[in-house]
Amino acid sequence: MTDQISFGTTEFADNPEPRCPCLLLLDVSGSMQGQPITELNAGLTTFKDELAADVLAMQRVEVGIVTFGPVQIVLPFQGAAAFYPPTLTAQGDTPMGAAIKQGLDLVRQRKDEYRANGISYYRPWVFLITDGGPTDEWQTAAAAVREGEVSKSFAFFAIGVQGANMDTLKQISVREPLRLDGLRFRDLFSWLSSSLRSVSRSTPDTDVPLQPPQGWASV
Amino acid sequence: MTWRIVAASAVGTSHTATDTRCEDSCLAQVETDPAKPPLLTIFVADGAGSAAHGGTGAELAIEAATEFVGKHYVQALEFALNDHWAVECVQAVRAKIYAESAQQGAKARDYACTFLGVVATPFATLLMQIGDGGIVVDVGNGLKLPITPMAGEYANMTNFVTDENAIDVLAVATFSSRPEKIAVFSDGIQRLALNMSTNTAHAPFFAPFFAVLATATAAQEDYLQAELARFLQSPTVNERTDDDKTLALAHWID
Chain A
1 MTDQISFGTT EFADNPEPRC PCLLLLDVSG SMQGQPITEL NAGLTTFKDE
51 LAADVLAMQR VEVGIVTFGP VQIVLPFQGA AAFYPPTLTA QGDTPMGAAI
101 KQGLDLVRQR KDEYRANGIS YYRPWVFLIT DGGPTDEWQT AAAAVREGEV
151 SKSFAFFAIG VQGANMDTLK QISVREPLRL DGLRFRDLFS WLSSSLRSVS
201 RSTPDTDVPL QPPQGWASV
Chain B
1 MTWRIVAASA VGTSHTATDT RCEDSCLAQV ETDPAKPPLL TIFVADGAGS
51 AAHGGTGAEL AIEAATEFVG KHYVQALEFA LNDHWAVECV QAVRAKIYAE
101 SAQQGAKARD YACTFLGVVA TPFATLLMQI GDGGIVVDVG NGLKLPITPM
151 AGEYANMTNF VTDENAIDVL AVATFSSRPE KIAVFSDGIQ RLALNMSTNT
201 AHAPFFAPFF AVLATATAAQ EDYLQAELAR FLQSPTVNER TDDDKTLALA
251 HWID
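Chains A and B are the protein sequences, given in the same order. Everything in the first sequence is counted per my numbering, starting at 1 for the first residue and increasing by one. Everything in the second sequence is counted per my numbering, starting at 1 for the first residue and increasing by one.
By construction, these hints were calculated from the structure, which means they are not laboratory data. C-beta: ideal position from N, C-alpha, C; glycine also. Any given hint might turn out to be false.
[Stated by the list, open to error] Chain B stretches covered by chain A per the calculated footprint, using a threshold of three residues with CB under 8 angstroms from any CB of chain A: (1) 139 to 145; (2) 187 to 193; (3) 197 to 207; (4) 223 to 230.
[What the hints assert, rightly or not] Computed cross-link-like contacts, EDC-like style, restricted to lysine to aspartate or glutamate with a CA-CA straight-line distance of at most 16 angstroms: (5) A:K111 x B:E88; (6) A:K170 x A:E149; (7) A:K152 x B:E153.
Given the sequences, and given the hints that come with them, work out the whole structure.
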């Protein structure tokens, strides 16, 4: 019996981690002024903190932020490790249609970059949060969302804060829009980070079972 | 004149965290009837995380493939190990899973798993694969990855032996020489052992395993199995993958 055999290796292939892109489409129109925008900013900090607590999520989750209005790419896609939540201020109207189009473009570009660099990736998530209704043409954006859901190009979620036009959100989002209870942005982002953590560690599957949104939303 | 073999599976840390069992299954063996040439068989199956009984599906797949080889041992030696043989083997696997799911009143999809198989004689090698994971082999011209691991657009998608189109997506590779070295592994090991951008074997990963197997004795195989299991559960591996992982290796000994 030779117990001295050393079996195994420390020579691992150096492959990039698969990426899990998450785009936030955030309403920063005038009506978000005051407590809502403060709570939204606090929610983003929670989001960062909870992702940071998970080593694999830090390596795999990528965050991008588009705000409206006006439509602005506040944060192009970047790894969770490099994601420092911005402090958003409320102003302007609600060009939701243009923001969705801009956001979906970003997602498409990011996928192209992954492919060009041989990086595997999970289905992107697009997360729309609004307290109003679109002040611009949104039907084209709604059609693009429907098409993307059918072709499984991304998963689109809509969250309505008090005052949101839920009827329009229903026409934009294929999935049932959720209504945020009060200003529980922190619970919302806590759920989002834990959901992204499940996705970023999912093994070959077709669908990742998500925890029901608890404590922050109603349909 | 045989192969020295070792194989082990270990539960991934993400499964440990949620208290689910290892859904990988594997078997490596060499038939050594003194009247016949040795026959090497290695099977690896990875139960789909999204399937309620993926782990059971993986076990059934290994059982069915092993039974198939048992029945067709003579045929494997006397006839070519070819595409037709691979298709029949996968059909046997599918038949077993479909029969079990029907008996349980479940859908075959609930037993979804990948399937990787190696059947080799001293004169021929057959590789077959449905889904991800990989088979790295040296049939005399260096370590190669003849079959590209199957993936969908997204990182968490692949093909399963239970899919309707399984026979269509089945990838087969045959060689008219024996495998000097061969390794079969599930997707939990894939990113550690392959260069994913080029779909090539990362040779330094395998070198120490094959070096040990080349000089190991038959009496050491149990010890090697325990060592491999220890390696698969080591922190250096768990830092790089949280998925279930299986690694089976064989080395020809003159």
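Cross-check of the supplied hints:
Residue count for the stretch 139 to 145 of chain B with a Cβ under 8 angstroms from a Cβ of chain A: 0. That is fewer than the three needed, and the coverage hint is violated. Counting residues of the stretch 187 to 193 of chain B whose beta-carbon sits less than 8 angstroms from any beta-carbon of chain A gives 5, enough to reach three: the coverage restraint holds. Given a C-beta distance limit of less than 8 angstroms, the hint that chain A covers the stretch 197 to 207 of chain B holds, as 6 residues qualify and 3 suffice. Evaluation of the coverage hint for the stretch 223 to 230 of chain B: fulfilled, as 5 residues show C-beta separations to chain A shorter than 8 angstroms, against a requirement of three.
As the CA atoms of K111 (chain A) and E88 (chain B) are separated by approximately 39 angstroms, the hinted pair breaks the 16 angstroms bound. In summary, the hint linking K170 (chain A) to E149 (chain A) is supported, as the alpha carbons are separated by about 14 angstroms, within the 16 angstroms threshold. Using a Cα cut-off of 16 angstroms, the hinted pair K152 (chain A) and E153 (chain B) holds, with the two alpha carbons roughly 10 angstroms apart.
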